[in-house]
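Undergrad: Each chain, letter by letter, is given below.
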Amino acid sequence: MGKLKQKGKAGAATNYINRNQALKKLQVSLADFRYTALILYFEYSLEPKNKKKANKGSTAPTTFYYTKDIQYLAHEPVLQKFREHKIFLKKLTKALSKRELSIAKNLEKNRPVYTLDHILKERYPTFTDALRDLDDALCMLFLFSTFPATDRINSETVTNCQRLCAEFQHYIIKTRSLRKVFLSIKGIYYQAEVKGQIINWLAPYQFSQQVPDDVDFRVMFTFLEFYQTLLGFINFKLYSDVNLVYPPKLDTSKDEGAAGLGALIIETTNSLATLSTSSHNNEDINNNAIKEEMVRKLESEKRLKTLSEKLATIKDQGNKTSEIQPDTTKEPEVMNNEKIMDEFTSSDSKYQQDVSSKTYTYSDIQNASIALTEFENLFSNCIFYLSREVPRYSLEFIIRTFGGQVSWDETCGVGSSFNESDDRITHHIIDRPATGHRFLSRVYIQPQWVYDCVNARKLLKTEPYQPGKTLPPHLSPFVEHKEGDYIPEFEGNMEETELRNEQEPYNEDIIHQMELEAEATGISFSIYQEQQDQLAKKQKIRNTNNTKVQQPSIQTITGKKRAVKEIEEKEVKELAKIMMTKKQKTLYNKMQYGKKKQQEKAENLQQEKTS
Amino acid sequence: MSMKITGENEKNTKKRNKNTTNFTSKGSPITKQSHEENNSEQNFLTNLKIDMLSDEENEEEIDFFKLRSGNEDSIHDIVNSGEENDNFNNGTSGESDNDEYIAGDSLDDDDLNSRDHVENFFNDISSESEKTQEQYVIGADGHPRKILPEIDPVYDSDSSTENPTNTIGNIPMEWYDDYPHIGYNIDGKKILKPAKGDELDKFLENMEDPDSWISVKDNLTQQNVKLTDEELEIIHRIQMGSYPKQDYDPYEPTVEWFTSKTEVMPLNATPEPKRRFIPSKWEAKRIMKLVRAIRQGHIVPGKTQVQKPRFYNLWNDTDQPYEDHPMRIAAPKMKLPDHDESYHPPAEYLLTDKEKEKWEEMDPEDREKNYIPQKYSCLRAVPAYNRFIQERFDRCLDLYLAPRVRRNKLNIDPESLIPKLPNPKDLQPFPTSLTLSYDAHTSRVRCISIDPTGLWLISGSDDKTIKLWEIITGRCIKTWEMDDIVHSVTWCPIKEVCAFAFSCSNKVGIISPTCICEEEIAISTTRYVTAGFDNSQKNEQKSKLVDWLKPTNQQNVNGILVIIQHVHDKTIKQIAWHKKGDYFSTTAPDAGNQGILIHHLTKHQTQQPFRKTRGIIQSAMFHPIKPLFFVSTQRYVRIYNLMKQELTKTLQSGVKWISSLDIHPMGDNIIIGSYDKKLCWFDLDLSSKPYKTLRYHTKAIRNVTYHKRLPLFASCSDDGLIQIFHGMVYNDLLQNPLIVPVKILKDGHQVVDSLGVLDCEFHPTQPWIISSGADHTIKLWT
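As you go down the protein sequences, you meet chains C and A in turn.
Numbers 1 to 611, taken from full-length UniProt numbering, label the letters of the first sequence in order.
Numbers 1 to 782, taken from full-length UniProt numbering, label the letters of the second sequence in order.
By construction, these hints were calculated from the structure, which means they are not laboratory data.
Since the structure is predicted, the reported quantities are computational estimates derived from the model, not experimental observations.
Note that the Cβ used here is the ideal one computed from N, Cα and C, for glycine as well.
Just so you know, not all the hints are guaranteed correct.
[What the hints assert, rightly or not] Straight-line distance between alpha carbons at most 16 Å, and here's what the computed EDC-like set of lysine to aspartate or glutamate pairs gives:
no., chain 1, residue 1, chain 2, residue 2
1, C, 595, A, 415
2, C, 174, C, 193
3, C, 577, A, 413
[What the hints assert, rightly or not] Pair by pair, the computed Cβ-Cβ distance ranges are:
no., chain 1, residue 1, chain 2, residue 2, range
4, A, 291, C, 128, 23 to 29 Å
5, A, 612, C, 53, 14 to 20 Å
6, A, 402, C, 225, 19 to 25 Å
7, C, 148, A, 329, 35 to 41 Å
8, A, 608, C, 581, 41 to 47 Å
9, A, 313, C, 132, 15 to 21 Å
Can you make the complete structure from the sequences, with help from the hints?
TA: Here it is, written out as structure tokens:
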């Protein structure tokens, strides 16, 4: 017989620790505990599955923490630093009250300083983990970057927040990774894709924030402190990954002139290297150039030699690699290594086969990537000019992210690259009903056009967005419409639907499948195509013959049949419901309730729309 | 406005709160003076109220500093107390003074001198006491008490020359207002209040006494005290705003004890100690400590803080993420905005006034969304969102305070919950539609029965008739008028006998409808039924349960062969035939132990199978094959073995009130219907608990029935529906019965007085079902 298990020695009873126990164990005050454990470490409280088991049989409301987390915290250096800081404060006050100023100065010099780096690393062991948690950090920093410098918050923090945000935005501009934007009543939502992670953040409109009284700013600042460190490290990593210098230099004159994003000077690490080499004299450069040429020639000869062999192998492989041949000539680097090439070609054919069994084809991926690059260069042919009344920071960020050029009224801030009368300007963003002088060469639009274009992933028609006109509704790009949801009308939507209607009822995939089926039955491709053409013709003739009077009658008959069938199906379902267990029944009813509620909501919207 | 006035020689003044008095006079600043006397001559405290003759001033409370009264040159003493310091140090004088010191609440440095003096004094006393012989008396507490020698006070300390002192101390005198005395003297005797005249007397006194204008009322003695010239002088000086002491010089040249000039000669001529010339050991130790710390690198001298770059590459590519752990729960992401959060949403997303009102009425916690959708014509018009910080703060709180739970969201298609059953079409035949309606009854049709051949149907109704119908045509062939409501009709299950039993109040009768059967059968039936009359008449029992009565002539014409009149007068609700047609049971729920009776038709005998019945009996049935008898009470079904006469099994239904019971023709399965809408299928081989409990009717189930041949069963309910099931029972014992609902027969019977379908029965051969309802009709479903 095994050993008797004692109660309260294992399982939930030892897995969880309540707050008071945790405080006792860590020997810290509640405030310190909150600061370190909760905010910095995110030692969130947990809800045990069985409260009774975790709390010695009591069901009183208690906050529980994971015991191991607390044990881990006990060895936290920051906690020790807090204790040191407390001692330091005691010493300092003592010295000051005794007027021992030199001692106080000395103490002040050796003030214990703590860093949050290790906490960051522990909380986010990988970079993607950190990126995943960036949403809240960005929201917070963007909020504080618009904060007025009051007695509650010093201006250094605000400027630091502004700087960090600008740095991050610069990265987004550089990598063109913005995906969605949305103008809401709360602020502007942005969605970016960084290293495969979707990051959403909300930036308030550029107004001075009203600071409420019932907000505990100590909590906010603790979060802010952590988030500042987080974003700093993330920015560093992001910049260094794309070969940019971090921290970017700040052009103070521009910054003082409210240049915003333009105040930061973004430099690549390569440019620095070239700058350093530029100090060499010209001869060296010439020599280098000659040498480089020599090397290149040698390499090309080698390549030519290998190419003939290569061609032979390719011929053996037949037509599979025919697509790749031009590539090989274009990209000699690939040819350098024969073996890799071999592997590549063979693996490629395999890859194609593998992929064709799935639904994605190589061309699909290619199309997607082309679409993405097109999307990223959405405004590359546009040159914008911003009037004074439009939100410059947001628009500048968006337009530059999508490859557009932008300038603004000089009175808004320093850094506008061209002025209003420039001929190159294609779009003039204006948010006033009427203007005095109009340039004919450019289109006058309201700012919403930019946002809608980004969300629609194409340049929309500018007519509805002309100044003074009532704008089309601005819809959230974050909503994913499910089946049965109410889908509001939108120009982009409408166009899409029109396009769909114009297209054949079934898409290419289905056609392809049908072809394959036909082949399987033994019909050769050409014959199959002929058949299809004939069928199509017949259908057309039928369509033309069928008058409008006949159509509804057919429809009604089919409708009746369908109705009968539906009724039958419904009946069968109802009967089957009888055999459900009670548990299943309640679950089913709950689900139906939720569905019904959603449906009601959609219907409500639809009704309001029609009325 | 307070000013501290110190004596000439501060060494001898002492602050004594106890003895301070505040003084105010016309427009003069309030002065507070503390003073202390060292004189050995006892001084009593005086709280003086200056009577300055003017009424207005009389009303003002005047605190005055302590004065030495009794001694003529008191002021002088105050002023010159420094001189008396010598006296003080002599030790010969000042007992009381020492007492005062002990009682004093603060000690200055100067007190220390006097403390020595006090000690000396006490030493003196003790030495004195040692000298005198010690005497003891038994005290009040029974312990010996030492009698201390009388203290011989020095001449000067005697206070007997003084007025009796009031010992109450510095307390508000109004506490003694209601008493005849004003305090206690040193012996504890009451000091009576001095005679006090009325206001007129006072006035006269004032007028008569030439010194009244310079007298002050002493609070402790309640008497007027004439101020001395010195005191008057002080008052006068204070009034003038000058120092109270005449010869106080505020501009005395300062005595520089330590001059700013360095003197040539040292103050003391002691030679320099040795320690001044040798290095300090302790200093050396401290220095070594520092040196060691520097060597070991704890202290870096002249350390310039090398700024570590604030940000560096924290993450490498080789980093490994944490493994998934059930306790590690990532914070949920923020909800992304919906269409209605747009600054310019489609018009349908805007709230109507009613919705807005509703939104505002709700608690902020209950609101689905924490904003009201708004529409601005242009981006320029959008204001700042004033709850932004609040929302961020709430998010922060959520992040670090909210307990986290991992909830698995059930991501299943609700349709997948519906069990996959064989298509009802594959399980045909079963009744699907209404074919015929038999309408002739004028009240609810309680019971129906189909004859074993499947041609005829009888029905009993609340209109006190029994009707015989041809099933196929729906023709009513015959009607029997009864005395009371017909509760049950049942055909005899054997084909050779063409008769049915009916129950009507406490009577049960057997009727042979001669019109529908052949003559031979009619005769044999009559013989079969009436054969027992001879038998029953012979065996007269002591306690008769029933009377087997011969029908009257008129009844005979109608075809009634036998009437069994029960002794109890309770209505008989149910009749159940044994398979062989010889026995049948009658059930009367209210009849107690006579509730179930088994009648032997051919012998006209009646048995009472149970002496005692447990609970109210709902129905009883014979097993189709075995000699078992099923009795259902409200909650249980009990199975009795008739041969062994014992209880074999009790089935626990789990329902509240069983309404009906039917046994599968194979005999191994039974179904029960209950008034609480449930239908239970029992597999007798499996367990005493239901194999399946189904709840699909919305009202009470009235009857359940099996088909005799086909794998069908049905239930009818007060909601007007008849539910047909496919109930396949396999011969293989390991296979559970298959129950598939196949059809709901709707729109047949109407619900009248919340009663729907009252009875239903399957056709013995065809997949038909006949039902009777409270709407006076009988329906055939095929």
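Undergrad: Which numbered conditions among the earlier hints are violated in the structure presented, ordered from lowest to highest?
TA: Of the numbered hints given earlier, those the structure breaks are 4 and 5, listed in rising order.
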